[in-house]
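Engineer: Chains Y and L, in that order, are what the protein sequence lines are.
Going by this note's numbering, the first sequence opens with residue 10, and the numbers climb by one from there.
Going by this note's numbering, the second sequence opens with residue 141, and the numbers climb by one from there.
Keep in mind the hints are simulated off the structure, nothing from the lab.
In this text, a Cβ means the ideal position worked out from N, Cα and C, and glycines have one as well.
Do not take every clue at face value.
Stated by the list, open to error - Below are the DSSO-like pairs computed for lysine-lysine, each with C-alpha atoms no more than 30 Å apart in a straight line:
| id | chain 1 | residue 1 | chain 2 | residue 2 |
| --- | --- | --- | --- | --- |
| 1 | L | Lys-191 | L | Lys-209 |
| 2 | L | Lys-237 | L | Lys-169 |
| 3 | L | Lys-228 | Y | Lys-82 |
| 4 | L | Lys-208 | L | Lys-191 |
| 5 | L | Lys-208 | L | Lys-237 |
| 6 | L | Lys-228 | Y | Lys-90 |
Claimed, not checked - Some chain Y residues flagged as far from chain L (calculated, every beta-carbon gap over 10 Å):
| id | residue |
| --- | --- |
| 7 | Val-20 |
| 8 | Val-35 |
| 9 | Ala-38 |
| 10 | Arg-41 |
| 11 | Gln-45 |
| 12 | Thr-76 |
| 13 | Ala-84 |
| 14 | Gly-86 |
| 15 | Asp-87 |
| 16 | Arg-88 |
| 17 | Gly-97 |
| 18 | Arg-100 |
| 19 | Glu-123 |
| 20 | Gly-131 |
| 21 | Trp-140 |
| 22 | Leu-142 |
Claimed, not checked - The calculated label-pair distances, taken between Cβ atoms and stated as ranges, are:
| id | chain 1 | residue 1 | chain 2 | residue 2 | range |
| --- | --- | --- | --- | --- | --- |
| 23 | L | Gly-181 | Y | Val-143 | 52 to 58 Å |
| 24 | L | Ser-179 | Y | Asp-124 | 43 to 49 Å |
| 25 | L | Glu-224 | Y | Asp-124 | 20 to 26 Å |
| 26 | Y | Ala-38 | L | Ser-243 | 27 to 33 Å |
| 27 | Y | Ser-19 | L | Lys-191 | 32 to 38 Å |
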Amino acid sequence: MAFGAATAISVAIARDPALVRTVRLVAAAVARRTGQDEEFVEEIRLAVGEACALMVGADTLEPQEQTGPVTVKMALGDRLKVDVVSEGHVRVADEPLSDIDGVEPWALLRGLIEDFAIAQEGSTTRLSMSWPLV
Amino acid sequence: MDLSLETRHADGHTIIEVGGEIDVYTAPKLRDKITELVSNGEYHLVIDMEKVDFLDSTGLGVLVGGLKKVRAHDGSMRLICNQERLLKIFRITGLAKVFAIHSSQADALAEH
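With these hints in hand, go ahead and build the complete structure from the sequences.
Structural biologist: Given below as structure tokens:
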């Protein structure tokens, strides 16, 4: 199935862990539209869910910045591109003291995705991921 | 799908059969269950993940935390998992070497 460059979906959620599952469902639905196999769909679901969980979770966010929505933008073109944007400055580096009971917060995403970047832009933090579509 | 937890006992172990999604929202429920069991003196746990549909790093953190809790009492925590999508997560994070992961309850209970 071919997609035009304009095919894009945007979802914004409040900083509520209960809403992360909703984003995962949307991400899986978008990934399924690409016509890739279920392993690909599962990877997108995991990556987007993980990114949102970390953005929503207080462990990676400065205490004074735990407000504002988390926005997920997915675009289909030559690649599936996903941007997860959070208000506030999410800590972008794994720190020994930031472990979630011994699991480095960003380790899963870094290991899962080849094209992965996280950066602070003004008053927001942007996590960008993309996958080739074959 | 929410998280379901069913507990039973077999061969000196406490088996927690987990179903549904272990994520940033539901993981505290699993953490509370493990904490409750350890508080009751149950230090040999088997976590059956065959009906788990999703696992993120928050869930992994709860499992690692549980492992630390039981080891503090010379206990053990074994996992039952056959699903490749979950096993991949354990491999990526290096936790496949930390946990004893078994393919069935019989295997998990047979190892002493």
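Engineer: Indicate, hint by hint, whether the structure satisfies it.
Structural biologist: For each hint, the structure was consulted:
no. : hint                                : result
1   : Lys-191/L <-> Lys-209/L             : holds, 24 Å
2   : Lys-237/L <-> Lys-169/L             : holds, 25 Å
3   : Lys-228/L <-> Lys-82/Y              : holds, 26 Å
4   : Lys-208/L <-> Lys-191/L             : holds, 24 Å
5   : Lys-208/L <-> Lys-237/L             : holds, 15 Å
6   : Lys-228/L <-> Lys-90/Y              : holds, 22 Å
7   : Val-20                              : holds, 16 Å
8   : Val-35                              : holds, 14 Å
9   : Ala-38                              : holds, 15 Å
10  : Arg-41                              : holds, 15 Å
11  : Gln-45                              : holds, 15 Å
12  : Thr-76                              : holds, 17 Å
13  : Ala-84                              : holds, 23 Å
14  : Gly-86                              : holds, 26 Å
15  : Asp-87                              : holds, 26 Å
16  : Arg-88                              : holds, 21 Å
17  : Gly-97                              : holds, 17 Å
18  : Arg-100                             : holds, 15 Å
19  : Glu-123                             : holds, 12 Å
20  : Gly-131                             : holds, 26 Å
21  : Trp-140                             : holds, 16 Å
22  : Leu-142                             : holds, 20 Å
23  : Gly-181/L <-> Val-143/Y: 52 to 58 Å : holds, 54 Å
24  : Ser-179/L <-> Asp-124/Y: 43 to 49 Å : holds, 45 Å
25  : Glu-224/L <-> Asp-124/Y: 20 to 26 Å : holds, 23 Å
26  : Ala-38/Y <-> Ser-243/L: 27 to 33 Å  : holds, 32 Å
27  : Ser-19/Y <-> Lys-191/L: 32 to 38 Å  : holds, 33 Å
The structure agrees with every numbered hint stated previously.
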